[in-house]
Structures are given as structure tokens and as C-alpha cells.
Amino acid sequence: EAQVTQNPRYLITVTGKKLTVTCSQNMNHEYMSWYRQDPGLGLRQIYYSMNVEVTDKGDVPEGYKVSRKEKRNFPLILESPSPNQTSLYFCASSLTRGYTDTQYFGPGTRLTVL
Amino acid sequence: AQSVAQPEDQVNVAEGNPLTVKCTYSVSGNPYLFWYVQYPNRGLQFLLKYITGDNLVKGSYGFEAEFNKSQTSFHLKKPSALVSDSALYFCAVRGGDVPFGSGNTGKLIFGQGTTLQVKP
Numbered sequence: 025e026a027q028v029t030q031n032p033r034y035l036i037t038v039t040g041k042k043l044t045v046t047c048s049q050n051m052n053h054e055y056m057s058w059y060r061q062d063p064g065l066g067l068r069q070i071y072y073s074m075n076v077e078v079t080d081k082g083d084v085p086e087g088y089k090v091s092r093k094e095k096r097n098f099p100l101i102l103e104s105p106s107p108n109q110t111s112l113y114f115c116a117s118s119l120t121r122g123y124t125d126t127q128y129f130g131p132g133t134r135l136t137v138l
Numbered sequence: 029a030q031s032v033a034q035p036e037d038q039v040n041v042a043e044g045n046p047l048t049v050k051c052t053y054s055v056s057g058n059p060y061l062f063w064y065v066q067y068p069n070r071g072l073q074f075l076l077k078y079i080t081g082d083n084l085v086k087g088s089y090g091f092e093a094e095f096n097k098s099q100t101s102f103h104l105k106k107p108s109a110l111v112s113d114s115a116l117y118f119c120a121v122r123g124g125d126v127p128f129g130s131g132n133t134g135k136l137i138f139g140q141g142t143t144l145q146v147k148p
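Protein chains in written order, with our numbering: chain Y, 25 to 138; chain L, 29 to 148.
Worth double-checking, as some hints may not be accurate.
Unchecked claim - Residues on chain L that point at chain Y, a partial pick, calculated with CB under 10 Å:
| hint | residue |
| --- | --- |
| 1 | 71 |
| 2 | 74 |
| 3 | 79 |
| 4 | 84 |
| 5 | 86 |
| 6 | 89 |
| 7 | 90 |
| 8 | 100 |
| 9 | 101 |
| 10 | 122 |
| 11 | 136 |
| 12 | 137 |
| 13 | 139 |
| 14 | 140 |
| 15 | 148 |
Derived from the structure by calculation, the hints contain no laboratory data.
Where is the CB? At the ideal position from N, CA and C, for every residue including glycine.
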């Protein structure tokens, strides 16, 4: 089944404790992206990647890192999480960066930083 | 700047009645418009998209959307609502004709979301 998977689905952590949220897609997509969803703000892009080893900042990149060493994986790293990073996170992928390509989303990771 | 607006936080309809979830957009160049649905504790599921051509786009689960260029709108519709349609709906726009290297990240720009409640 074609899908985007994320792990973990739920995570409660404390301020400053490094964490990684994994994202993997099995559709051989070039473009991958991370979004965060906050009430009243919709979804906002954190980082994106056009292909292996090509990543760049989105609208809200502060406090996050990403890497793209393999085409299928695009982990999101929080080196020192803070309470304002409590949010619902989605990974997405599309065949290319083309405007007409549909982005497919993972199930989401609900992160709480205490 | 490109933007999407969903003017209603919540829409309530009775089961069996037609439903409309509104979306307006502002984008330079050609708009590429999408609708997604989010069920509780689930990810976003793609419903439909408008790229070009016929202004009435048909999608999953009996949903359709009407593109209106003069009103810059892309309203989501369904002729007969089901209780199981109750969910959070997002309209989104991607791109336009801004070259990728000109600060356009290929991201989806989302509206704030509209909660649809279908009552039995």
C-alpha cells in the first residue's frame, strides 16, 4: 500500500531532551515536507526537501533540523525542544516539487513538550 | 502573497441535505487548488484538486468542488451529507507561476480549516 508513515504517533517529553520524529514514504517521491498544525493557524511548513541531500527552510524552521540521506526517509529533529513546539506534526510527500502534484500526508505525530 | 481563506469555522448540516464548505484564494499566476479532510486522530486525506479545465472537479467520497475564477473561490460541495462526513476540512493552494527559485518552496498554503458537523 502506498503510504507515508510517521513514528512515534504520540510523544510526551521534557524541555531540552533531544528527539527525532521519523518519516518514511514508499512511493519513490522526490519531494518531502514537514508541517505543524496549530489551532486557528492551519498547517505551516517547517522544512522541505526536493531530493536526497537537498533540504531548505520553510516558514517556521526555528528549533528544528532535518536530513535527507535516503530518498524514502525524512526525519525531523528537535535538538532542544521547548513548550512552544507542542503541536501536531505532519510529514508529506509528492512525486516532484511541481505545483500540480498532490501531496500525501502521514498520520501525524502529536508532540507535547513539558 | 498567496493566501487561502475559509470564512466559516464550523458548518452544520442535517444528514441528507446538501453541504457547502467555502474557500477563497489569492494567488499570483495560475492557482492549483486542493481539498483535504482530517478525521479525528487521523492524517490529512486528499479529496480532490483543480489544475485546469472543467470548473467542476469530482473527488473522493462523493465530494466535488467548483472553481470560480472571477470570484477566486473553490467551494467544496456534496449533494447529500452523511453523518460520517463530519470532520475537519482544509482548502489549500500550491504554487502559482512563481519560479521555484524565487522563494517559492512548493509548499501547500492552507486555510484555517472548517469543521463540518452533520447531524442525524
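So, going through the hints one by one against the coordinates:
1. A cut of 10 Å between beta carbons decides the hint on residue 71 of chain L: the least distance to chain Y is about 4 Å, and the hint holds.
2. A hinted interface residue such as residue 74 of chain L counts as satisfied when its beta carbon comes closer than 10 Å to some beta carbon of chain Y; here the least separation is about 5 Å, so the hint holds.
3. At a threshold of 10 Å, the smallest CB-CB gap from residue 79 of chain L to chain Y is about 5 Å, leaving the interface hint in force.
4. Against a cut-off of 10 Å between C-beta atoms, the interface hint on residue 84 of chain L is violated, since the closest Cβ of chain Y lies about 18 Å away.
5. Using the Cβ-Cβ criterion of 10 Å, the hint placing residue 86 of chain L at the interface with chain Y is not satisfied: the shortest such distance is roughly 15 Å.
6. Checking residue 89 of chain L against chain Y: minimum C-beta separation of about 16 Å lies over 10 Å; hint violated.
7. For residue 90 of chain L, the suggested interface contact is broken, since its CB lies about 19 Å from the closest CB of chain Y, more than 10 Å.
8. Checking residue 100 of chain L against chain Y by beta carbon gives a least distance of about 17 Å; that is not within 10 Å, so the hint is violated.
9. Checking residue 101 of chain L against chain Y by beta carbon gives a least distance of about 18 Å; that is not within 10 Å, so the hint is violated.
10. Look at residue 122 of chain L: its Cβ gets to within about 5 Å of chain Y, closer than 10 Å, so that hint holds up.
11. For residue 136 of chain L, the suggested interface contact is upheld, since its CB lies about 6 Å from the closest CB of chain Y, less than 10 Å.
12. Interface restraint check: residue 137 of chain L against chain Y, minimum CB-CB distance 8 Å, threshold 10 Å, status holds.
13. For residue 139 of chain L, the interface hint holds, the least distance from its beta-carbon to any beta-carbon of chain Y being 6 Å, beneath 10 Å.
14. Because the closest C-beta pair between residue 140 of chain L and chain Y is about 5 Å apart, less than 10 Å, the hint holds.
15. With its C-beta approaching chain Y no nearer than about 27 Å, residue 148 of chain L sits outside the 10 Å limit, and its interface hint is violated.
Violated hints, listed in ascending order, are 4, 5, 6, 7, 8, 9, 15; each of the other numbered hints is respected by the structure.
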